[in-house]
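Asks: Please arrange chain B on chain A, whose structure you already have, making use of the hints.
Residue numbers (the working numbering), protein chains in the order written: chain A, 110 to 579; chain B, 2 to 851.
Mixed in with the good hints there might be a few duds.
Okay, the calculated beta carbon distance ranges per label pair [said to hold, decoys possible]:
1. A:Arg541 with B:Gly692: 52 to 58 Å
2. B:His178 with A:Val397: 55 to 61 Å
3. B:Asp729 with A:Val486: 40 to 46 Å
4. A:Gly440 with B:Ala32: 44 to 50 Å
5. B:Gly692 with A:Ser549: 57 to 63 Å
6. B:Glu324 with A:Arg541: 41 to 47 Å
7. A:Ser549 with B:Arg96: 40 to 46 Å
8. B:Glu742 with A:Gly524: 25 to 31 Å
9. A:Ser549 with B:Glu324: 35 to 41 Å
10. A:Gly552 with B:Pro376: 24 to 30 Å
When the alpha-carbon atoms are kept at most 30 Å apart in a straight line, the in silico DSSO-like pairs for lysine-lysine are as follows [as the list claims (entries may be wrong)]:
11. B:Lys544 with A:Lys490
12. B:Lys764 with B:Lys544
13. B:Lys698 with A:Lys278
Take a look, some chain B residues computed to stay more than 12 Å from chain A by CB distance [said to hold, decoys possible]:
14. Thr50
15. Asp445
16. Glu552
Note that these hints are calculated values from the structure, not bench results. Every value quoted in this text rests on a predicted model; they were computed, and no experiment measured them. Note that beta-carbon positions come from the ideal geometry of N, C-alpha and C, so glycine has one too.
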Amino acid sequence: MLLTITATMDRASDLGFLLHKHPDRVHRFDLSFGRATIFYPELDQARCTVCLLVEVDPVALVRKRSGPSGEGGQLAHYVNDRPYAVSSFFSVALAETFGTAMAGRSKDRPDLAGSIIPFEVSIPVLPSRGGEDLIRALFEPLGYAVDVRRLDLDQKFPEWGHSRYFDVKLAGRFPLQTLLEHLYVLIPVLDDEKHYWVGDDEVDKLIRRGGDWLPNHPARDQIARRYLKHRKSLTRLAIERLAGVDEDAAIENSAAVGKPMTREEDLEVGLSLNEQRLQRVVEAVQAVGAKSVVDLGCGEGKLLRELLKLRGLDRILGMEVSLRSLDAASGRLDLEQLSPSVRSRIELIHGSLMYRDRRLSGFDVATVIEVIEHLDVARLKSFERVLFECARPKSVVVTTPNVEYNVRFEGLPSGQFRHPDHRFEWSRGEFRRWGEVMASRFGYNVRFDAVGPVDSDLGAPTQMAVFVER
Amino acid sequence: MEIDIPELALVVLVGPSGSGKSTFAREHFKATEVLSSDHCRGLVSDDETDQSATKDAFEVLHFIASKRLQAAKLTVVDATNVQPEARKPLVTLARQHHCIPVALVLDMPEKLCRERNAQRPDRGFGEHVIRNQCSQLHRSLRGLQREGFRHVHVFRSPEDLEGLVIRRVPLWSNRKHETGPFDIIGDVHGCLDEALDLIRALGYDVADQEGHHVIRHPQGRKLIFAGDLVDRGPNTPGVLRLVADAMADGSALCVAGNHDVKLVRALRGRDVKRTHGLAESLEQLASESEEFRRTAADFLDGLVSHYVLDGGRLVVAHAGLREEMHGRGSGAVRQFAMYGETTGETDDYGLPVRYNWAADYRGKATVVYGHTPVPEPEWLNNTICIDTGCVFGGKLTALRYPERELISVPARKIYYEPVRPLQPEVVPELTAQQQHDDLLDLEDVSGKRIIDTRLYPSITIREENAIAALEVMSRFAANPKWLIYLPPTMSPSETSQRPGLLEHPEQALDYYRKNGVETVVCEEKHMGSRAVIVICRNEAAAKHRFGIEGEGRGIIYTRTGRRFFSDAAFEHQVLERFASALDRADFWSRFDTTWFCFDCELMPWSVKAEELLRTQYAPTGAAADAAIAAASAVIKQAVARGIELTDLAASFHERADLTGRYIAAYRQYCWPVHGVADIKVAPFHLLASEGHAHVDKSHVWHMETLAELGRTDPGFLIATPMRVVEIDDGDATQDVFGWWERLTAGGGEGMVVKPIDFVARGKRGLLQPAIKSRGPEYLRIIYGPEYSRPEALEQLRERGLSTKRSMALREFALGVEGLERFVRNAPLRQVHECVFGVLAMESEPVDPRL
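Just chain A, with the same shape it has in the complex:
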């Protein structure tokens, strides 16, 4: 909620002219979310320090619902760090209180406006999603000397670990306007959050505040992405404008743009395992000559999109329990825009693998791709009956991680699963035993297969079983 900027130079008090704020007065501003106070705690010939203190009203944050206080969103709670940590609220306060300086003007001393001044900046509570490394990666390439100290979460409970807050001191030589622009853009980027809806005009703001220094910043794309709240289309637009490159390259560059990847995708990305898996599943569906398929736990619809391309498959049903994923699937498949002949082949439904559901009956194939490991072992029994006994497709394709392969993933601490929501991960032996029990209990034949590069000792990262009704 506060930062101080110190000019260290002869006639340091000129800072007051640059900021249009008299150093001996207290300047108060009302803001939509609270109030700002500007004063000078230090002033002598060689040093002039200005403090911007922003008080955010926590009750109003919740009551007015001024921010994107969606479910679980931080602003939905009275107990949150927004009144204390610098964040996008602070960037707004900077722009409102130091507007003239940020525009690079000085009414009384126009000659000063462009001059390079040695500055020290102190931010006692700066949140960083990305830790000290990110703070350095953002400020050091711009020419700052960076001094960082991480704050404890709670000294009484050291086992809770560190906080994401840092006491940060920056030092560098810039025109005041540039310094303010850096802070304006990079504070919310570090925080990776914004308290307001991000639309098209946010791209303009980024270009206006960062156009001079951002294009050559090594973390440019990451800055744009976070600044624009991970909105893909906006990010693409911003990078295009910042880089001035042709559109295709921009799209390619931003291919990885999106929400921070889950650990699982991160780990497996080198193999593009997901694509291989989809390919193999599609082959399996083709191999049994299916005319209809139900994808159980269709997630965001990646497999469905592939299945839609198959000829002869005239009934495709995707079922997913997570409403959010289902919405994403609907968007990914562009359901609204599909031509009626394609649209009539596919349907998405909300449903659960834990309940018998007659809508799932009568399919040639059911695909259950990377789903079973998300079910509690104790509740697998229900799932097995829902699938093999009630839905009873002619064939079933199941894939799941091979836990033996996990040691090959460098980023994965031993003993941990690939995804925090995984309830188990099976070895090849465990999966085979399960598959054989299912086959004999429910009257299917089963064969097993490996997906991805096969290690002679560990097998492949993904294992697959194909069941065919006897």
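Replies: Just chain B now, with coordinates in the frame of chain A:
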């Protein structure tokens, strides 16, 4: 003239334009019963005479008719219906819904029709139209019965209609007015001795009066035979005599079984195979008189397919009956009631594989049936088969209704060798209901639902809430068989106006005083996490009572049905420690139970809330502490150089203090847990044990009983401090306020005030089961470190409680209902429905800080 039509019929009016159908319909039926094709034409085209809209109009008409018949509403179709192709879909529709198609034909003179049409401005069509319709009608008349109309009445002149009365006659199956009590007896199959044994065992007096049986029960009970009186057994004629006599004098009812019907056909000389014991019956009957055989055939032929009794609460049919067929009349209903449903396959013994319709049954009526011999009658979805294979050497069984008691007498011998052994090769360890409950059906939870509970009628679960609950239930919840209860949300007291306070017990007491409660209990509110503990005496009991195998003897779950501990071994240790307290207190035998369900608070809070502490509470504290300290330092620096910032300095001084208090508040509820020794459990409701949902006991009983349990392991179980307060006793209430202040001054969470009775009602219905008054320091965790600053407090005082309170009531009613259903062994889906309902309500957007 008077005519009879069945009370549930599809009445098809047949007559040319101008024959007076609409007038006729208006006179004899309710306006809502009549579906007119003209009206439907108007609905879809704004023009009742627009012939191009006819197709759409009839689709609408058929659709509405279908909905009405489904709901068992007599329906009249007012259209010309003079062509067979127009009537055919209506007959089909009636059959689909097992309703009787009735044709009422207005065969009025053509001249009259023409005249009437001429007077109506909107009927400008030519005379040939009427002529055509009349001739089509005349060609149709003889075929109506063949088309499927069971009742046909033809009126040939306006005089025929004068003084006409249409009586609506109940179906034979409708005996709703008979309320019992009944004794329903399974398949007798000629076993007269056993039948008499059973009837006497049921307490009936059987006397012989001039060669006729006279059967009387001192309490006026009535027998109902579930069909298959005949074949296989030693004395079919004797059984027929017995039942016919009893029916004749009104002491018994009997439905038709498949054997009974086949015997009729044989007696009437039809060519039927003399298998499955028919030969024995015919042989026995051969020595009877011709007269007896004819009477017997008439008697059997007169048996109805099924009975609906006791206001619709009881259905008896030989082979059972699907809900949509109850009280209906059609060939399909009769067929089903006598033969049940088969899959079309045959089993290893060459017998048809029966489709278990009872597994899909969701009806409210109890269905009692026979037909398929079972070793033991078992309830499944409120249905029960009571054919216990007497003729095969099993026993003859009766179900007492409404007591639901089973009484049987053993067969004196094996009269007939069964094709399929009566005892299954493997005796299942779970009950039929438990096996069936292994899987829940989506249709039992999805969509908008209305749940009737004992405490609160008709609770609506909105569809979007059900959708949200499905996700939580599927992804995170524990095995639904464990989840017999979810606790309701609890409302805080009304906002207090005392300075510096948002809540105070005064308002909680006010609420109950206003609603006529005289005595309340005030309990200290522990700051932990809500935990429901379901615990069985051993794993065998878990299997027997909950149908759960391989998941240990119990569970501890959160208020959203998730396992409290992700570490199964740790959960096991906590449960074992709890169980040994139950052992020491001898609760198992005292409550004569193999299982308990407790509502508890489990401490420390940090066990469950560590994630929240790490991601929300501690970060806010850390950020606040550092930021305020830094701000105070620069303010001090500025003040030192003469800048006027006294107000800001004072404000930050205060804020530093508030932040410190906030951190102290949450820290108090946290301590490291290294083992079970660090866990404390405060049980406050003994919710249920075998045969009892203890919601009929006072909170004092709950507290004292649980304190007794706690004394056996005081290091683990915490007895909750409590006071009983007469609400109008001023001293006592002042005393309680003082107690609350002491509790909360130390950072305690506060107090819960409950009416002394678990379930309390006021003038306007169910009252809040509990109201909490939270302490000012604790509320920092809820409303933020600085909520107590006057300007913030003023804003926070504006809070609405009505949604929260209405939800608390409905969730409370659902929770109690779930327990009560489980206690009376209701099918899992009915228990689950309540639990699911609570979860669904919790997805309703209500201020989570209340």
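Asks: Against this structure, judge whether each hint is valid.
Replies: Status of the hints after comparison with the structure:
At about 47 Å, the beta-carbon gap between A:Arg541 and B:Gly692 misses the expected band of 52 to 58 Å. Taking the beta carbon of each, B:His178 and A:Val397 are about 59 Å apart, inside 55 to 61 Å as hinted. About 56 Å separates the C-beta atoms of B:Asp729 and A:Val486, a value inconsistent with the hinted range of 40 to 46 Å. Range check, A:Gly440 to B:Ala32: about 49 Å between beta-carbon atoms, so the 44 to 50 Å window is met.
Checked against the given bound of 57 to 63 Å, the beta carbons of B:Gly692 and A:Ser549, roughly 41 Å apart, lie outside it. Evaluation of the 41 to 47 Å hint for B:Glu324 and A:Arg541 yields a pass: the beta carbon distance comes to about 45 Å. For A:Ser549 paired with B:Arg96, a C-beta distance near 44 Å keeps the hint of 40 to 46 Å intact. Remark: the range hint 25 to 31 Å for B:Glu742 to A:Gly524 is contradicted by a beta-carbon distance near 50 Å.
For A:Ser549 and B:Glu324, the Cβ-Cβ distance of about 36 Å falls inside the hinted range of 35 to 41 Å, so the restraint holds. For the pair A:Gly552 and B:Pro376, the supplied restraint of 24 to 30 Å holds, since their beta-carbon distance comes to about 27 Å. In summary, the hint linking B:Lys544 to A:Lys490 is supported, as the alpha carbons are separated by about 15 Å, within the 30 Å threshold. Restraint check for B:Lys764 and B:Lys544: the C-alpha separation of about 44 Å exceeds 30 Å, so the hint is violated.
Note on B:Lys698 and A:Lys278: the hinted pairing is violated, with a Cα-Cα distance of about 65 Å set against a maximum of 30 Å. Chain A leaves B:Thr50 outside its interface by the beta-carbon criterion, the shortest separation being 35 Å against a cut-off of 12 Å. Here B:Asp445 does not stay apart from chain A, with its beta-carbon only about 8 Å from theirs, under the 12 Å limit. At roughly 6 Å, the least C-beta separation between B:Glu552 and chain A is not larger than 12 Å, which violates its mark as non-interface.
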